[in-house]
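Residues per chain, in single letters:
There are 4 protein chains.
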Amino acid sequence: MNSIEFAQKNKDRFIAMRRDLHKHPEPAWLEYRTAAMAADRLTELGFTLVVGEEVVKADSRMGLPSREAMKAAMDRAIAEGANSKWVEKMGYGFTGMVATMQCQPGGPVVGFRADIDSNDVIESDDPGHFPNQEGFASCHHGAMHACGHDAHLTMALGLAEYVAMKKDTLKGTFKLILQPAEEGVRGAKAMRDAGVVDDVDIFFGMHIGFDKKLSGCLACMNPGFLATTKLDATFTGYSSHAGGSPELGKNALLAACTAALNLQAISRHSQGASRINVGVLNAGTGRNVIPDTAVLKIETRGETTEINDYIKERALQILKGAAVMYDISVATEEVGGAPAGQNTESLALEIQKLAQDSGIFKDAPLVYSGGGSEDCAFFLERVIANGGRGTYMVLGSAIPAPHHNPKFNIEEVDMINGIAWLGRVAETYLK
Amino acid sequence: MNSIEFAQKNKDRFIAMRRDLHKHPEPAWLEYRTAAMAADRLTELGFTLVVGEEVVKADSRMGLPSREAMKAAMDRAIAEGANSKWVEKMGYGFTGMVATMQCQPGGPVVGFRADIDSNDVIESDDPGHFPNQEGFASCHHGAMHACGHDAHLTMALGLAEYVAMKKDTLKGTFKLILQPAEEGVRGAKAMRDAGVVDDVDIFFGMHIGFDKKLSGCLACMNPGFLATTKLDATFTGYSSHAGGSPELGKNALLAACTAALNLQAISRHSQGASRINVGVLNAGTGRNVIPDTAVLKIETRGETTEINDYIKERALQILKGAAVMYDISVATEEVGGAPAGQNTESLALEIQKLAQDSGIFKDAPLVYSGGGSEDCAFFLERVIANGGRGTYMVLGSAIPAPHHNPKFNIEEVDMINGIAWLGRVAETYLK
Amino acid sequence: MNSIEFAQKNKDRFIAMRRDLHKHPEPAWLEYRTAAMAADRLTELGFTLVVGEEVVKADSRMGLPSREAMKAAMDRAIAEGANSKWVEKMGYGFTGMVATMQCQPGGPVVGFRADIDSNDVIESDDPGHFPNQEGFASCHHGAMHACGHDAHLTMALGLAEYVAMKKDTLKGTFKLILQPAEEGVRGAKAMRDAGVVDDVDIFFGMHIGFDKKLSGCLACMNPGFLATTKLDATFTGYSSHAGGSPELGKNALLAACTAALNLQAISRHSQGASRINVGVLNAGTGRNVIPDTAVLKIETRGETTEINDYIKERALQILKGAAVMYDISVATEEVGGAPAGQNTESLALEIQKLAQDSGIFKDAPLVYSGGGSEDCAFFLERVIANGGRGTYMVLGSAIPAPHHNPKFNIEEVDMINGIAWLGRVAETYLK
Amino acid sequence: MNSIEFAQKNKDRFIAMRRDLHKHPEPAWLEYRTAAMAADRLTELGFTLVVGEEVVKADSRMGLPSREAMKAAMDRAIAEGANSKWVEKMGYGFTGMVATMQCQPGGPVVGFRADIDSNDVIESDDPGHFPNQEGFASCHHGAMHACGHDAHLTMALGLAEYVAMKKDTLKGTFKLILQPAEEGVRGAKAMRDAGVVDDVDIFFGMHIGFDKKLSGCLACMNPGFLATTKLDATFTGYSSHAGGSPELGKNALLAACTAALNLQAISRHSQGASRINVGVLNAGTGRNVIPDTAVLKIETRGETTEINDYIKERALQILKGAAVMYDISVATEEVGGAPAGQNTESLALEIQKLAQDSGIFKDAPLVYSGGGSEDCAFFLERVIANGGRGTYMVLGSAIPAPHHNPKFNIEEVDMINGIAWLGRVAETYLK
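Protein chains in written order, with the UniProt record's numbering: chain A, 1 to 431; chain B, 1 to 431; chain C, 1 to 431; chain D, 1 to 431.
Treat the hints loosely; a few may be bogus.
Claimed, not checked - Simulated pairs of lysine to aspartate or glutamate, DMTMM-like, Cα-Cα distance not exceeding 25 Å:
| no. | chain 1 | residue 1 | chain 2 | residue 2 |
| --- | --- | --- | --- | --- |
| 1 | D | Lys320 | B | Asp357 |
| 2 | A | Lys320 | C | Glu313 |
| 3 | C | Lys320 | A | Asp59 |
| 4 | B | Lys213 | C | Asp327 |
| 5 | B | Lys212 | C | Asp201 |
| 6 | B | Lys9 | B | Asp357 |
To be clear, the hints were calculated from the coordinates, so they are not data collected in a lab.
So here's chain A without its partners, still in its complex pose (with noise of 0.2 Å):
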């Protein structure tokens, strides 16, 4: 049984499975439920598993939750069916696995890398949105896969039972890394710090969605990632009545906005792509108070390290300003980043000929470049410098919506392809 029959044969499995991931998000560092049920599954498959600390080095993550909503998160999960073992295992904040199948000796080590944390977007309540139709909606209100991490795992762990099944006709070692928090590119970092791809010689990672134009179709690298920072803003101001003495306030919202505008009017760079997005903003605590506080939740984008910089050092002049302008404090803290991507060409060329030849794609360019960030970046950034070589393969999918839209979703049936062909990509370089 060929990757595509295998593929097909458990098509409903996995779609099963992937529903299941979309119904319970869970957002970056709280994916205790997805994750133990992973470590089940490959368990299962006989797959050795380092789950938590040893794979997720505590100094280096970013961004991590309140503890309070780390608790809730596990009690959460195991209410929803997740094995407490797991969960324990993970604690606080190491939500990571590394999935190791030795197969006959010889051949080299090949790691794939999966993320499998959520969105915080609130999935939509159109009847028409597919996942109201059939009923997987997130039922996590705020939490949603709307970038199609549900799938990235599903086929995971396909892969993982087709390379499991076929072990004995492979050579090398198969390396499955389960990464949490890849949305606001805090996860990774603490992966590659721990080592986890220290040891690999060819890595592979995917992506699914994008583009409407790309769907059937399969590109074989994204050298596009964006570096990127995230960056908390807190402004703190003095509140006083809004009506009965407003001059002795110091309005820390208004010191928010006018940030907020002349963050997004941060000029253009003429040497590359950049971005600034201000995507959350909370400010003032009543109607009738002037406002004593504000948080922004910021993040830069650059197309070399350089631009990035310039972009963010633009960003903390500009905080800064609006916190003298108000004559109030402003506290910055950096919670995500990741450099710009890297891929190795030779090896895309030779998956753009195996990706032609496979029969699961319409086409097969070269080279997609998106926009986005990807902490990928840091895996690919890691292996290359070690001499190995990588790549991050965009599997195209007809999607309704932008990702990180309340109505995205992808098409399941390139998802089952995606299995086919990371199955035929395993087995081509597990050799």
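Please arrange chains B, C and D on chain A, whose structure you already have, making use of the hints.
Frame of chain A, contents of chains B, C and D only:
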């Protein structure tokens, strides 16, 4: 025993009551524990009570919290000792009551109104803040008596006790109106529309605090209440991945920030005082998502209804323009409002003489003119329109921080004097 | 011939004078033709004149135009018929004068001040605008008498003529102060510091217009002048090609726009009226250049000097913050200012009685309280400090558009009544 | 004498010509002196000239200055030595010309375009700025050759001289296109529409400067021109006295500032580079007047026409929203524009080889990709559409400050090399 002796003798008990109220603040329309305690006490004192829907007209209520929030507040109130009989009686959104004491026949109907809700302010954890020193700071995070309504209710109940004690020597009807939801000026209209002051001949309201310079003094009228409108505005845009396809998003956060700055920049009016405040702004769902929602809590004020209308019209136009700018929609809702204040000068002049002669105050200026709003204006307007008289007094107290500030507090000695004073007023007019 | 008969008889002549002045408006410190015409006329009438530097203290002048602008204004004035003797005498920035008529011995010194400069407003070319209908609209593009100073000077000269005619029957000294640069409140301080009102016992100022409801009436005092400060702010950034290297620029235009919005958003003050205006903003040199300069003309006002200071301090802080935000510099300069207004109530009460009895006015309310500023406040402050009395009257007129609007105009009949009235005042106090 | 010897020998003369042009900069559509000097010189050299309306299509011109400005520029040009014959010929807004040299029969038509206008930049008065050191800084305040067009015309005339000298050994037609109004991309469209490149087989444009790293080098093509649109926007509000009746005003300045900030905040586009600039903002008439007018000079750019259209549509929407916000009107006008750039790669590869072999340059990279726009794109588009070939070269020079900066300058040695190079190109293709 005159009212001064009465207040002094029971001082410790009144201070304990105020501190208990301060520790258990309940925001607008959620004052279940507060009102239940008052109802128990007034019943003990022999007052006739009407609680709930009969004295709070359902359709005239503004700015109600969600049913879930009301349910949670009822449960908490009962858990914190509220008499469940009253909680049930108040039901969903009817936390007001009128308590009547019929004295000897022949006198007038004298009404006194106290407001009982707390603010949406996080109380300071500074160890030097008096409620922290004495251990009675808010145990409800995010709610705080930062406007003195804990003292207002305490004084009202002290006054009720004094009237009950003296009822055989007094003539007429004493009517105590305990009003919910003064913050956001959402509650008085509903009690007025239920007719609770329709029979009142002489009406009093009183506020503690306002201005250190008034410490130890009484101002006999406050004609300076500003007409006010409370508005909620919700912008709805379109979300997208902030890195991958920012141009597909429609940014509600930037529309809201632009609106907030331009709202605050509405021109002053040459014909009198005005105010504008955006007290709360919450926008966006996640850092790497173009924000598709933003909610603003706004209030406008004017020295006259015309000026308030000017500010309100400008505010609506600005909100509309911000929506056009980002090609998104904006929905606005009026969630509170009150007219400008009216006081009867002849009554205030009588009060001034009484206060000067009372031995309670250092001084008794006729007028205090603050810039706040008060829905007590609805009661005053009705009483005066019916041919009655009314005034709104200000009881000075050396407050260490402005109203609505996390460090707000009152001098308890002033509250005790307030009880003495109100007793004196009651026995003067119940003749 | 009484003053009413005098005014009626010479009506056509006064209207012609006003229209000639209206047609040739001259902005602050550039009133060469205007002042020269007045000087010729007052000389004819037998007044003693002091023109230029002796009555305008050099160091106390604020907001002077450039020497080039003064030179151009002198040349134009001469070309338009000004007597070059007076133009030379006034020199660079001394366009004020004091004209004195000594009547019979023994009476008081009565001062009257008129302001003579025009506004920086482009007069409307609407054919329905009265000055267009009658052919006397401004022939100086960008300058316009949009505040009635053309009528002020005409009334002053009508008054002078009446006093000259009656001088044998009057007692005391009549002192006419013709002040330049009232717009921007830049001129009175320099004349006050030159001592021109140090000997004045009774002082009058008067303004035409203000409020349609006052049409045909006189308000006897205007205590509502706001204290004011005039500020110029200049941001200096760094220019760069907007397409080729935008990131190298430092954008002064955006700093200025951010400042302007936040200046306008300075909080109201609970203790009284305030104003803020950015009246002019000029930024940038070319469309495809990142703007490296921006200049703002700002004014703050307050009902008291304290309130004005609060607005001014906030303004300076905001300008500083905007500069920090764009990592550029800002320079600020005070180019004008005046204190809050003072009037002598006893004098106003006398004036009220006189006006009611005069037969000139429909009504004579005691007080008018507008929101403007007037550097006449400098004269009033000094006269009252010296033990004299003073008031600033408002002569109502049905203006078709607000002051400083391109369609501003006055009813000429009110100006003629104003001459009658001022004659009556002069003969009443020169006793 | 080869072109290198020719350039060296006449070096001093060419430098003097460039400095004379630099000293007398003339902005777009006002290049009377500049063009008249070139016409005299080209006539001397034996070129056939067509000047004015025949080569500049009237209806296709964009962003013309006022007739008054043109008249003033004509008068100044004549006063500064321009041949009045040419000035008259150019008339109002036709300052372009085409000069043709017919060489020996049988060769192709080779076109070279130079742009001749200056920028709206105030040249630096820093004594260290080279034009100040050598005494050739701009004598026209507010105008400056800050983009090297002085060198462009000098090189064009050097090239013309070399071609005239060699004409007996060359084959084909040499066509020199001197284009007005490149700044603001307003002139090329009108010359293209007049058909001036319709017969051109091989077309060259060239720009000096851009990047210090290119110093001493030639980049053989610049495909990176951005599509661009130039917009003027005029807000019209309603003025009022800022102190007396601010609420009656409708503030065009604040609308403009709000628009400027939000324009700059238009989202990046994921499919390629974009730009937005508000280069000029002028608002308001006087400090104490609510500003009733504001004018913005805006430009948008995009790597493709689609991206430029996206930015332009967003800009129009933002301007509309700002007008709604202040309840005023806004008028917008397109005053310039150009498509994205196209170059013929085969020609650029030939040029690269020629440059590498020429002995003139240190290096000759194939591609330079700046972020600017150039209406030379209109000529390139037409020539290529007609089956011809074209490229736009970049001649590196160590510029001390960015293009359009007050301290911009070029190295004159590079200009001399540029003449040598263009001579070499001409004799290579005129074969």
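Tested hints:
1. For the suggested pair Lys320(D) and Asp357(B), the alpha carbons sit about 64 Å apart, so the restraint of at most 25 Å is broken.
2. Only pairs whose Cα atoms come within 25 Å are accepted, and Lys320(A) paired with Glu313(C) is accepted, the gap being roughly 19 Å.
3. For the proposed pair Lys320(C) and Asp59(A), the alpha carbon gap of about 39 Å is over 25 Å, so the pair is violated.
4. For the hint pairing Lys213(B) with Asp327(C), the CA-to-CA distance comes to about 43 Å; that exceeds 25 Å, so the pair is violated.
5. Taking the CA atoms of Lys212(B) and Asp201(C), the gap is about 41 Å. The hint is violated against a cut of 25 Å.
6. The suggested pairing of Lys9(B) with Asp357(B) holds, with an alpha-carbon distance near 21 Å, which does not exceed 25 Å.
Figure legend: structure checked against the earlier numbered hints; hints not met, in rising order: 1, 3, 4, 5.
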